[in-house]
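Chemist: Assemble chain X onto chain D, guided by the hints.
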Amino acid sequence: MVRRRNPDTLAERSERAHGPGEEVDSLLRGLELLRLFDVRHRSLDIAEIAAKLGLSRATAAKLVATLQQHNFLRARAPGGGFEPHVACLSLGQAVKRGLPIVRAAQPRMLALSHRHGVHVTLSTRDRWHMLVLEHVVPAGQVRLGLDTGARLPLASSASGRAYLWAQPPATRTSLLERIKEQDSDGSFRLLSGVYAAFEELAERGWCFLAAPVTSQTASIATPIDVFGQTDYVLTAMAVGADAQRKLRSKVAPELLAQASAIAHDLTAAA
Amino acid sequence: MRARPAAQGRRGFVAVRLDANFIPTMPASSPLTTPAAAPPLAEVRVLARGLALLRAFEPANDWKTNAELSSLTQLPKPTVSRITAKLTEAGYLLYSAERAAYRLGTSILALGFVAAANPNLVVLARPLMQQFANEHKVSVVLASSDGDSMVCAEVAHSQAMLFTLRVRAGWRFRMDQSALGRALIGSMGDAERERTLARLADAHPETWSALKAQVKSLVNQMQRRQYCIAAGTLERGTNGVAVVIDTPDGPHSYALGCAAPSNVLSVGRIESEVAPGLLALKQQLEAELGGARERAEG
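Read top to bottom, the protein sequences are chains D and X.
Residue numbering for the first sequence is 645 to 914, as defined by the numbering used here.
Residue numbering for the second sequence is 3 to 300, as defined by the numbering used here.
If you are wondering where the hints come from, they were derived from the structure by calculation, not from laboratory data.
The reader is advised that the hints may include incorrect statements.
Each computed BS3-like pair below joins lysine-lysine, with the alpha-carbon atoms no more than 27 Å apart [as the list claims (entries may be wrong)]:
#, chain 1, residue 1, chain 2, residue 2
1, D, Lys696, X, Lys88
2, D, Lys696, D, Lys706
3, X, Lys88, D, Lys740
4, D, Lys696, D, Lys824
5, D, Lys706, X, Lys79
6, X, Lys284, X, Lys218
7, D, Lys706, X, Lys88
8, X, Lys284, X, Lys139
Remember, predicted model here, so these are calculated numbers, not experimental data.
Next up, chain D with everything else stripped away, as it sits in the complex (with noise of 0.2 Å):
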């Protein structure tokens, strides 16, 4: 039995502790840092680093120091600030190996997207996030941002409402009491559109989502049901004008049944 401690408390401790003159732990800090770097995100600069964690630039700059003398960081060109190294590579790579669901799912996740020609995605919780752990993309097609420690919103794309509905009511709820109190990012209008998912996922066990990347996509996802515990979710997301047709009529009973398998597989191998 794993037991996986609230991720939330101490995330939320940390940020209400990065004002100045309070006691902040800088091993949270370093990694909050670490936590800046994403798709859109590739470089950043002392200054930005330390605007969009509150801190001062001397502090930025010493845990971008140790950062890069344990390569997490490597300096760009002179004036090109950081960017994440070998080290954030290396660990998360560590951490997909170790996963027995991303063994079990790659041959089912790419015999999916060859099939249909869709996107297909893994995908678990990180605070507030969907967090991507595998993604299998078409032939012929560009990746749109998804890849392995992607991060997608909970509460506006398909494996988010997934995940949420796949939860025992008291932690649904609890986390849907936060997407509520988070305005700044419009999770709160988007909370009839969760709910509108949540019966579609009751009724047919995956939700719709259209547009969930651009104009032109649709994302269908389905909850993961291990030992009882559903703390992953599979996704499909088709491109084009076609996107909603294909993804409800011909791959949503083939993303059940994957799901299901992927399920069974880690089951029996326990």
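Modeler: Structure of chain X alone, referenced to chain D:
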């Protein structure tokens, strides 16, 4: 009580540093230490310790007890216990009560992995594209294929031009009419090109016969010169030229091209001046991408 190494400093701290050329494949039994190295003044000690502890789970993320982690990192066991508790509370480690051991949690993948895993052509190309646009007084576009379209990943306009093309990052071009798309079609293998042409025939039946007649010429252009010129095919009065960029992920992953009104960018000027410059830019970007991936893979 475990013997402490001679390099240990005050409060039992041992400098845990990874060499600049560290390749993360060392056996789990190897201590992650270089005892002679002293921490530089700027190093934040608790962060350095936490990072070393996280890296002790490489390469396979097996379950590890506090005692094993202490041995691997040569940090005192109470220090390891405090750090593992903290990292577990923050979601970066998972704890198994049955094993009394830890392993990395999926949240680790939020720590810069996506940016580190993808050497970013766009970031590499941006300043070079702007320099090229200014030097040659053109608009430069980096794009990749998406179905039967080319999607602009980055655009740089010459700062000397009064009127620039109406193109921004995210815009789509028809693959069959732009120099970018034509360069890509001309670079594809036969099977991939046939599939692409079949898609284009379905999507644009009205222009299919014109494209079909030019396919052989596109392939010849790319084989002979490694660039493709499109004179007025995308927009009347505008000329363009494009090359393809091979990345570590695969051949012709991107197309890089430039365009300008034909009175500024004649076919003669493209052939004598702009295309050679574009080919040099292609080579520079491919070399830098290859180097970035090699560094990332250790």
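Chemist: So, for every hint listed, does it hold in this structure?
Modeler: Status of the hints after comparison with the structure:
1. D:Lys696 / X:Lys88: holds, 23 Å
2. D:Lys696 / D:Lys706: holds, 15 Å
3. X:Lys88 / D:Lys740: Between Lys88 of chain X and Lys740 of chain D the Cα gap is close to 22 Å, so the pair holds against 27 Å.
4. D:Lys696 / D:Lys824: holds, 23 Å
5. D:Lys706 / X:Lys79: holds, 26 Å
6. X:Lys284 / X:Lys218: Roughly 23 Å between the alpha carbons, so the hint for Lys284 of chain X and Lys218 of chain X holds.
7. D:Lys706 / X:Lys88: Answer holds: Lys706 of chain D to Lys88 of chain X is near 21 Å, not above 27 Å.
8. X:Lys284 / X:Lys139: holds, 18 Å
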